[in-house]
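Participant: The residues making up each chain are set out below.
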Amino acid sequence: MLLQSTSLSFAYPGQPSLSFPDFSLSGGEAVLLLGKSGSGKTTFLNLLAGLLSPSHGQVILDGVILSALQGHRLDLFRGQHIGIVFQKPHLIAALTVKQNLELAQFLSKKKGPSPLSLLQDLGIASKASAAVGTLSEGEAQRVSIARALINTPKLILADEPTSSLDDEHAQRVITLLKSEAAKIGAALVIVTHDQRVKSEVSQVLELKSA
Amino acid sequence: MNLLTLSWKYLSFRPLATGLNVILLAFGLAIITVLLLVQHQFEQKMTRDAAGIDLVVGAKGSPLQLILSSVYHIDFPTGNIKMEEAQRISRSRLVKQVIPLAMGDNVQGLRILGTNHDYLDLYAVKFTAGKAWEKPFEVTLGAESAQILGLKLGDSFSGSHGISVGSHDHDQHAFRVTGILAPSGKVVDRLVLTSIESVWYTHDESGGAEPDTTTEGEEVSIVVEEGTLEEGIDPHLLPVAARGFPISDQEREVTTMLVRYRNPMAAIQLPRMINSGTSMQAASPAFEMSRLFELLGVGISLLQGLAIALVVIAGLSIFIALYNSLKERKYDLAILRTLGASRGQLVGLVFLEGISLTVLGAIFGIAFGHGFLALIVELTSQELVSLIDPWVFLAEEGLIFGYALAVGIIASLIPAWSAYQTSIAKQLTKT
Chain A
1 MLLQSTSLSF
11 AYPGQPSLSF
21 PDFSLSGGEA
31 VLLLGKSGSG
41 KTTFLNLLAG
51 LLSPSHGQVI
61 LDGVILSALQ
71 GHRLDLFRGQ
81 HIGIVFQKPH
91 LIAALTVKQN
101 LELAQFLSKK
111 KGPSPLSLLQ
121 DLGIASKASA
131 AVGTLSEGEA
141 QRVSIARALI
151 NTPKLILADE
161 PTSSLDDEHA
171 QRVITLLKSE
181 AAKIGAALVI
191 VTHDQRVKSE
201 VSQVLELKSA
Chain B
1 MNLLTLSWKY
11 LSFRPLATGL
21 NVILLAFGLA
31 IITVLLLVQH
41 QFEQKMTRDA
51 AGIDLVVGAK
61 GSPLQLILSS
71 VYHIDFPTGN
81 IKMEEAQRIS
91 RSRLVKQVIP
101 LAMGDNVQGL
111 RILGTNHDYL
121 DLYAVKFTAG
131 KAWEKPFEVT
141 LGAESAQILG
151 LKLGDSFSGS
161 HGISVGSHDH
171 DQHAFRVTGI
181 LAPSGKVVDR
191 LVLTSIESVW
201 YTHDESGGAE
211 PDTTTEGEEV
221 SIVVEEGTLE
231 EGIDPHLLPV
241 AARGFPISDQ
251 EREVTTMLVR
261 YRNPMAAIQL
271 PRMINSGTSM
281 QAASPAFEMS
291 RLFELLGVGI
301 SLLQGLAIAL
311 VVIAGLSIFI
321 ALYNSLKERK
331 YDLAILRTLG
341 ASRGQLVGLV
351 FLEGISLTVL
361 GAIFGIAFGH
371 GFLALIVELT
381 SQELVSLIDP
391 WVFLAEEGLI
401 FGYALAVGII
411 ASLIPAWSAY
421 QTSIAKQLTK
431 T
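Protein chains in written order, with the working numbering: chain A, 1 to 210; chain B, 1 to 431.
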């Protein structure tokens, strides 16, 4: 198993503890994370990404216990092995498209595919030297997918990646995520409540509100 | 891509704010640079040019003017003194050495200074060509004078009356260049040196040849003719005095004389003796210059205060810019962390931005400072200012980089701390 979570729970200060179901995922597999708002989807995603550390239980990615890593080693591990796509693209506006990808490579200290060839795969090579501000929402989201993929991660986490896109772009983004994840053999976790996405992924993990 | 490029991209993404901060800091540092350069060069020149001169004796008037005109050759002389009286002082047991000076003419604004060879020794000059004057109307050019006049050994020129350009020419007797000095960085560079006799003879005859002859000039020329007739030989062909006062059978004048004391006692007795016992005055270069700097000191401290205020404001402005841009960029910081950046790298990024700004400010500041000084030197004809070399770089300018770095680091402290504290998960879940 590439990704495994066991008896995870997390409590925000002054709030009841959230517990998450155990689950595991192999490389190349995709899973949808569903649940009502407030059920802790984003918290779960943050735990999987190592952005939050659990009060109980552990997340194991490729044999490494995330909560055992500290400080910069955790940051570096995340940069090298986990790609995150957010609801909004959140690219660095001061940089061009290509520089955004180069930055991800620099910070993870990992030599991945060339930014240009990746952009080509995602059909946005023509925008390589464009300023981020000039991109359309759909293009920007594709660039942010490229940024998540640039270090050939083992795990791709996507938090509502399609919610701000129209049908055509949503379809395209979800197809891209699936195919690229499969290509590099990464596990893909998508948090969504988007009906358009639900039909695309068969494996579903539903979070029940506490 | 690295942190430095990233910080630079962030800075150039906000060109106006960045530009304002750099310029603000640059102006503050430019003022400091100018002050450093001016103060350093003036003090250096002033002390070097006055080395070996304990006292200047000249006609009554402003003591500062006497020093400025006789030691630094920038102001007008206070008048002439009788050579006989000057010679009496030189025989005093308190005096080790005197160098008489005669002024009154210029060539294209460069002063022609009549003196003896002791003056050359005083400034330890070296010749690049020829040797010191030996006969009347032979001159030795300072290095800069030679360059400005474009004269070579053996060339002739005529001087004009007065200390500054624009008066009538003495074209009866041409000066002949017999020596050119090596650059020394001292006041002799900008002088045209000759014998006291040359200065006398020029003025003796100028009156007679002028169309608007004054009766006084007439008299002088007659006197000379008489002198010549009596001795039977033309004094213009005799060698001039290389040391001490020139020999003359007439009542002659010199402008001032530079005195070196024989012993420390002289510093107390000699000035008082001259000031109260003769019609001349004595002034000490060291004392007058420190008085001048005291007068200028108020202005200098005012400028220093302004410079420090500008630098502090620049620091504050850089702090505000960093802090604001960081608030806007909290999300960026969180993203950088998810991409693998450590807290340390974020802190480094903030410091790099602050320090790049201030280092740029320092570079521009130093460049502005030198450029501004060069412009002033270029535009002004004031001799005092033209003494400054705007392209001298001082070790103290390294201090300016030090100040700039300190400003950058201090301005970055709080923003860096806030970057360090950013919680990624909290930031990312905020919508």
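It is worth saying that the hints were derived from the structure and are not from the lab. Where hints are given, some of them may not hold.
Taking CB as the label site, the calculated pair distances span [unchecked claim]:
1. Ala374(B) to Thr134(A): 21 to 29 Å
2. Ser126(A) to Ala395(B): 37 to 45 Å
3. Tyr420(B) to Gly185(A): 29 to 37 Å
4. Ser117(A) to Leu379(B): 38 to 46 Å
5. Ser164(A) to Glu328(B): 38 to 46 Å
6. Ile308(B) to Ser164(A): 38 to 46 Å
7. Ser126(A) to Pro15(B): 53 to 61 Å
8. Ile308(B) to Gln70(A): 27 to 35 Å
9. Ser9(A) to Glu328(B): 30 to 38 Å
Among the chain B residues that face chain A by a calculated CB cut under 7 Å, a handful are [what the hints assert, rightly or not]:
10. Asn2
11. Tyr10
12. Phe13
13. Leu16
14. Gly19
15. Gly185
16. Lys186
17. Ile335
18. Thr338
19. Ala367
20. Ser418
21. Gln421
22. Ile424
In this text, a Cβ means the ideal position worked out from N, Cα and C, and glycines have one as well.
Participant: Now tell me if each hint is right for this structure.
Facilitator: Hints, verified against the model:
A beta carbon spacing of about 43 Å between Ala374(B) and Thr134(A) contradicts the range 21 to 29 Å that was offered as a hint. Ser126(A) and Ala395(B) have their C-beta atoms about 54 Å apart, which leaves the hinted 37 to 45 Å range violated. Judged by the Cβ atoms, the range 29 to 37 Å given for Tyr420(B) and Gly185(A) holds: they are separated by roughly 36 Å. Between Ser117(A) and Leu379(B) the CB atoms are about 59 Å apart, so this pair departs from the stated range of 38 to 46 Å.
For Ser164(A) and Glu328(B), the hinted distance range of 38 to 46 Å is not satisfied, since their beta carbons lie about 21 Å from each other. Taking the beta carbon of each, Ile308(B) and Ser164(A) are about 51 Å apart, not inside 38 to 46 Å as hinted. Checked against the hint of 53 to 61 Å, the C-beta distance between Ser126(A) and Pro15(B) comes to roughly 27 Å, which is inconsistent with it. Hint check: Ile308(B) to Gln70(A), Cβ distance near 45 Å, so the stated range 27 to 35 Å is violated.
Distance hint check: the CB atoms of Ser9(A) and Glu328(B) are about 35 Å apart, consistent with the given range 30 to 38 Å. About 6 Å separates the beta-carbon of Asn2(B) from the nearest beta-carbon of chain A, less than 7 Å, and the hint is met. For Tyr10(B), the shortest C-beta to C-beta distance to chain A is roughly 5 Å, which falls under 7 Å, so the interface hint holds. With its C-beta approaching chain A no nearer than about 4 Å, Phe13(B) sits inside the 7 Å limit, and its interface hint holds.
For Leu16(B), the suggested interface contact is broken, since its CB lies about 14 Å from the closest CB of chain A, more than 7 Å. For the restraint placing Gly19(B) at the interface with chain A, the shortest Cβ-Cβ distance is roughly 16 Å, beyond the 7 Å limit, so the hint is violated. At a threshold of 7 Å, the smallest CB-CB gap from Gly185(B) to chain A is about 50 Å, leaving the interface hint violated. Because the closest C-beta pair between Lys186(B) and chain A is about 55 Å apart, greater than 7 Å, the hint is violated.
Hint status for Ile335(B): holds, given a least beta-carbon distance of 5 Å to chain A, under 7 Å. Because the closest C-beta pair between Thr338(B) and chain A is about 5 Å apart, less than 7 Å, the hint holds. Among the interface hints, the one on Ala367(B) is violated; its C-beta lies about 26 Å from the nearest C-beta in chain A, farther than the 7 Å criterion. Against a cut-off of 7 Å between C-beta atoms, the interface hint on Ser418(B) is violated, since the closest Cβ of chain A lies about 18 Å away.
Of the supplied interface hints, the one on Gln421(B) is violated, with its beta-carbon coming no nearer than about 14 Å to a beta-carbon of chain A, more than 7 Å. For Ile424(B), the interface hint holds, the least distance from its beta-carbon to any beta-carbon of chain A being 5 Å, beneath 7 Å.
The earlier numbered hints that this structure contradicts are 1, 2, 4, 5, 6, 7, 8, 13, 14, 15, 16, 19, 20, 21.
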